[in-house]
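Colleague: Residues per chain are reported as follows:
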Amino acid sequence: MPKRDLISPDDLSLEELTALLDLAAEMERDGGRDLCAGKILATLFYEPSTRTRLSFESAMLRLGGRTLGFADPGTSSVKKGETIADTARMIQAYADIIVMRHPLEGAARVAADYADVPVINAGDGGHMHPTQTLTDLYTLKKARGGFQGLVVGLCGDLKYGRTVHSLAPMLARLGAKIYCIAPPELPMPEQALREARSAGAVLGETADLDAVIGQLDALYATRVQKERFPSSEEYERVKGTYVVSAALLSKAKPDMLVLHPLPRVDEIAYEVDDDPRAAYFEQAANGVPVRMALIAALLRLTGETVLAEARAAEPSTPGRARPRAAPEVCANPSCVTNHEHYLTPQFAPVPDESRLVHCIYCDHEVQA
Amino acid sequence: MPKRDLISPDDLSLEELTALLDLAAEMERDGGRDLCAGKILATLFYEPSTRTRLSFESAMLRLGGRTLGFADPGTSSVKKGETIADTARMIQAYADIIVMRHPLEGAARVAADYADVPVINAGDGGHMHPTQTLTDLYTLKKARGGFQGLVVGLCGDLKYGRTVHSLAPMLARLGAKIYCIAPPELPMPEQALREARSAGAVLGETADLDAVIGQLDALYATRVQKERFPSSEEYERVKGTYVVSAALLSKAKPDMLVLHPLPRVDEIAYEVDDDPRAAYFEQAANGVPVRMALIAALLRLTGETVLAEARAAEPSTPGRARPRAAPEVCANPSCVTNHEHYLTPQFAPVPDESRLVHCIYCDHEVQA
Amino acid sequence: MPKRDLISPDDLSLEELTALLDLAAEMERDGGRDLCAGKILATLFYEPSTRTRLSFESAMLRLGGRTLGFADPGTSSVKKGETIADTARMIQAYADIIVMRHPLEGAARVAADYADVPVINAGDGGHMHPTQTLTDLYTLKKARGGFQGLVVGLCGDLKYGRTVHSLAPMLARLGAKIYCIAPPELPMPEQALREARSAGAVLGETADLDAVIGQLDALYATRVQKERFPSSEEYERVKGTYVVSAALLSKAKPDMLVLHPLPRVDEIAYEVDDDPRAAYFEQAANGVPVRMALIAALLRLTGETVLAEARAAEPSTPGRARPRAAPEVCANPSCVTNHEHYLTPQFAPVPDESRLVHCIYCDHEVQA
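Residue numbers (the numbering used here), protein chains in the order written: chain L, 1 to 368; chain V, 369 to 736; chain F, 737 to 1104.
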C-alpha cells in the first residue's frame, strides 16, 4: 500500500478525518497497546517548539515506539547546507516516520515528496499546522459530540494566526458556523475564509467580541505571536485587545468552551483558568491521543484501515498539472521553492476561482 | 494517594530519607526491574547541566521507563514567554513525572504547585539541589554505614556553593559534625548554618584547611563556580585557594573520603584520582541509583510505601500562613515571584527566630 | 574480557573487519533481535552532526537499546571547564557504551583511556571517523562482493577530506587499487597515502577526473567542507571543480558506483540521483546496520566473538613506547594534548620510516 503523509488538513477526506478522531478517542480510552513497538519516529525541528515536539514524542512513547531527532537547527547538518530533499532521504533510513517543523512554507511537502516513509507536517512557517487543527477538532467533538450547528468564534490575530486559517474551512466542512472577531488591521485573509464563506458558514466578521460572545458555543482565542509581526509597534498595539477575562465570560453561555492553541501570553487572564469553561489545558492534553492515532494510522498499525491508499484530492481540484499561464516563480518569499533550487515551482487551479492559481507547495495564490 | 514532590531536602522526613537511601542501595544491587515500564519522565532544563540531566535520564531508562524533554531554553517555548505554571500544566499531559532545572529560585516549587504529576527540583538557581544532597548522603552512608559522629569538612566556596547549604543541616540532623573551611570572603551563610549550629553540630569555622584535615572523616570540596561570582577578579583570587593535593592528603586519615559534586576545575589535583580515598567519581555514579529510588518512590511503584501521603512539615513550622507583618514582595531579585507575576508572594515564620520570616518559594529571610 | 574501543580503523585486524562487515549484513537481513535490551548508548557530540548522531541512535534503538546524550556543547558541562577524562569517567556510570564526536584530534582516544566502557570515535577533528570508513567498505562489499582488484577513484578535496585519509590505506590492505583525483592545491597528504603507495595500490594521482573516469569501479566524491578551509577564497575557488554530472557519468562504466559521505553541497548534481549508479543514499542507509554490528560487537552481545581481547597492533609497530628523541609537545595545534593539560604527549615510531615518529593521540608526524 502506498505511503500517506499529513501535510495539510486537506490531505484527509471527511471520512478519514472522522475515523482519525474516533481512533484518537480509542487511544485516549485504551492507551497505545504497544502498537508501534520496534518503530522509530524522527522529530526534525528546524524551529524550536517544545509543545508540539514533546507531544509527538509522548505520543510515540505511549504507543511503545521510540524517538530520535533534533530540536534546533544549530545542532543539525543544516549549517553544512544540506537540502530538505537530501535530509529526507537520509532520515528515512534512520526512522519509520518523520515529523518536521520548518520555517519555510511548503517544506514538509518537499520532505514528503522525497522520503519513502510517512511525513507529518508539524508547522511549515505561516502555512499549515494540521495536527493542531486535528487537536482543535477533537477537543470540540469530545466536548460536544459533533460539529453540526456549533457556533465558533475565532478571535484575535486572525491575519497571522496559522491555526485559524486551517480551522475555519474544516469547521465549515463539518457543519459548524464561525464568527471572525479581529481588529480591522488583522482580519482573516480572504483565501482562508473563501471555503467557509461559499458554504454560508460565516455568520459575521466583527471587531467587537462583546457583541457576539453570548452567541458562541466555543471561543477560539489566538496568541498574538510577536515573531510574526513586522514591527514591535504593531505588536504592542494589538496585544491585549481581546483579553478573555472573568468579566467577559459573565456574558457567555454557561457551557461555552474557551479554546487556545497555547502558549498564551496575555490573551487569557489567569483568573479564567479556574472557570469550568476553560478548556485550553485539556485541549493541549488532547494533542497526545490525536497524534497517537495519526502515527498509528500512517504506519498502518491500527488493524483496520483508517487512511485510504491515496490522499484526498483537494476539493474540486482536477489535478496538480501546471496551468498554462502559471508564473515561473512563486511570489511568496517564504515559499520553499525560493530557497531550495532543485525544486520546480508548480501551480494548480483554485476551485471556483478561474482567475487564480495557487502554489502547490505554499498555497500562495496569484492571477493565472 | 496525593502526589508528592521533591523540591527541598526538607520535604522528606528522616524516616523517608532513610527509606530512600535503603531503596537506592536496593536499586544499585538489583537494578531497576522494569518498575517504570510504560512511564515517561520529562527533563525540563532551562539551564544546561549534562551531569544532572543524564543521570536522571539514565535512572529512568534503567527503571525501564522513557524520557523526553529539553536541555536548553533556546529550544523551548520559553522564548515565546510561557510561564512556569502553564508549562507545568502542559507537560503533565505528556509525562508521568517532571524533573526541572531553572535559574529562578523557587521555580520548581511553582511547577509542583501547578502540575498534577510529581515534580523533582534538579536545581533552582542558587537555592536547592536536593538530589545532589541525597547522592552525597548516600555516598557517605555506603562508605561508612551511617552518619553518627562522622566529622565532615565542607571546604571551598561555601558562600555560593548551593550543595553545601542543604548538606549542612541534613548532616546535623543525621548526627554528623561539620567543619566549615572557607576563605573569609566566602563563608557559609548564617541561614544555611543556623540549624547545624543550634544542634551543636558545628565543630568550627576556619580558613585553614591544613589545621583540621587530620580530624576529618570526609572532606567535601566544592567547585569555585565562575558563573556565581559577581566579578572575574573575585573568581581569580579565590580559585585554587583550597586545592586538594597528594601533599594535603598525606596529613589526612587513611580512610578519609574525598568528595566533590563535580565538575571540578582545579580544586582537586589529577594526582589525587589514583588515591583510594578519592570518592568523587563513585559519588557521581551513585547519582543513578539514588535517582532511580526517588523516581520509583514518587511514582508509587516500589511495592512498599517509601514516601508518606503528605510531605514532612518544615521542622517546628506550624504552617505556611502568611504572617501579618510580611512584606508585599520578596527582596530576593532571583526569586521566582519577582518574575512570574501571577504568583502571590508568601512568607512563613522561621523556627526559633521570631523576628524573621522566609519566602516560601526561595527561602529568602527578612524581618517580619 | 577487557573492553575494546574503536578510535581508528587500525584498531581492527583484517579478520575483525571482515567479521564486522559480515555481522552488519546479518543485522541488515535479520534486524537487531533486541540484542541490546537494557543497554544504554551515550552520544556525546561536542560538534553538531545530525547524520552521524542519528544513525548511531537509530542503530541502538533497532538493537532494542536506549540512548541519552547531548548534541551540542552549549548544553553540556563543557562550559564549566570539565576535561574529557572527567566527562568519560562520569558518563561511564550513566551508559554502557559511549559515542563521541569532538573537535580536538585524539579526543576519543583520551575518552577511551579513561572510561571503563567501550568508546567509539564518531569523528575527532580532522583526524579519524572510523564508522564512516566501515560504512564505505560495507557499501562497496555489498555491491561488489569483495575488494580484490576494485579500482576506486577518491575525488575532490583530498587534503581536508578526513574520510578518504582512512579509506585509502584500508582499501589497499583489502586488495583494491586507488586513483587520487584532486586539484594540485588539495592533494592527498603523503602520510595518508604512504601505506597504499608502499603496497603498490596507488594507480595514479591526477587533477583530471575525465581522464580516469572510464577505469573506475567506484567514484568516491568528497564534500568541499567550507569549515575546513583557511579562507573563503580558497573554498570558492575549489568548490565545484569536480561536479559529478550526467555528462560525466556517460563516460563511466555502466556499473560504476557513485559514493559520497554526505552531506553534499554541489559535488553531485541532482540529476545524478536518478541514475542507478548513484549509491550515496544507500551508503548513508548502510550506516545503520554497520553501527548496529559495531555496538553489539563492542558490548560482546553477538553470541560469537567478533572482536578479539586486545586491539590489533598498528601494522609493524612494535609498541607505543616513547622514542628517546621524541619531542616534548605535539606540533599539531589541534591535538588534544595541547588542550587537556593532564595528558603527557607520547610518540611512537612510524613503520618503515625510521626518521619519523607520530603522536599516539592525533597521529601527527614529526622527525624523531
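Be a bit skeptical, because a hint or two may be false.
What the hints assert, rightly or not - Simulated pairs of lysine to any residue, SDA-like, Cα-Cα distance not exceeding 20 Å:
1) V:407 - L:239
2) F:989 - F:1014
3) L:39 - F:989
4) F:775 - V:573
5) F:775 - V:432
6) F:775 - V:406
7) F:895 - F:852
8) L:239 - V:708
Stated by the list, open to error - Facing chain V, a subset of chain F residues (Cβ under 8 Å, in silico):
9) 802
10) 806
11) 817
12) 830
13) 941
14) 985
15) 987
It is worth saying that the hints were derived from the structure and are not from the lab. Where is the CB? At the ideal position from N, CA and C, for every residue including glycine.
Colleague: Holds or violated: the hint that residue 830 (chain F) contacts chain V, with Cβ atoms closer than 8 Å.
Modeller: At about 4 Å, which falls below the 8 Å cut-off, the nearest Cβ of chain V leaves the hint on residue 830 (chain F) intact, so it holds.
Colleague: Hey, residue 895 (chain F) versus residue 852 (chain F), does the alpha-carbon distance stay inside 20 Å?
Modeller: 35 Å, violated
Colleague: For the restraint on residue 817 (chain F), tell me whether the closest CB of chain V is nearer than 8 Å.
Modeller: This hint holds: residue 817 (chain F) lies near chain V, its Cβ roughly 5 Å from the closest one there, short of 8 Å.
Colleague: Between residue 989 (chain F) and residue 1014 (chain F), does the CA-CA distance stay at or below 20 Å?
Modeller: The given pair, whose Cα atoms are some 13 Å apart, holds under the 20 Å limit.
Colleague: Between residue 407 (chain V) and residue 239 (chain L), is the straight-line Cα distance small enough, at 20 Å or below?
Modeller: Distance of about 39 Å is beyond 20 Å: violated.
Colleague: With the threshold set at 20 Å, check whether the alpha-carbon distance from residue 239 (chain L) to residue 708 (chain V) stays at or below it.
Modeller: This hinted pair holds, its Cα atoms lying about 18 Å apart.
Colleague: Take the shortest C-beta to C-beta distance between residue 987 (chain F) and chain V; is it under 8 Å?
Modeller: Given a least distance of 47 Å, the restraint on residue 987 (chain F) is violated.
Colleague: Hey, does the residue 802 (chain F) contact hint survive, CB to chain V under 8 Å?
Modeller: It holds, given that the least Cβ distance between residue 802 (chain F) and chain V is near 5 Å, below 8 Å.
Colleague: Within a Cα-Cα threshold of 20 Å, do residue 775 (chain F) and residue 406 (chain V) meet the stated pairing?
Modeller: The given pair, whose Cα atoms are some 17 Å apart, holds under the 20 Å limit.
Colleague: Using the nearest Cβ pair, does residue 806 (chain F) come within less than 8 Å of chain V?
Modeller: This interface hint holds because 6 Å falls under the 8 Å limit.
Colleague: Against the 20 Å threshold, does the CA-CA distance of residue 775 (chain F) and residue 573 (chain V) hold or violate the hint?
Modeller: 46 Å, violated
Colleague: Against the 20 Å threshold, does the CA-CA distance of residue 775 (chain F) and residue 432 (chain V) hold or violate the hint?
Modeller: 10 Å, holds
In terms of the numbered hints stated before, the structure departs from hints 1, 3, 4, 7, 13, 14 and 15, listed from lowest to highest.
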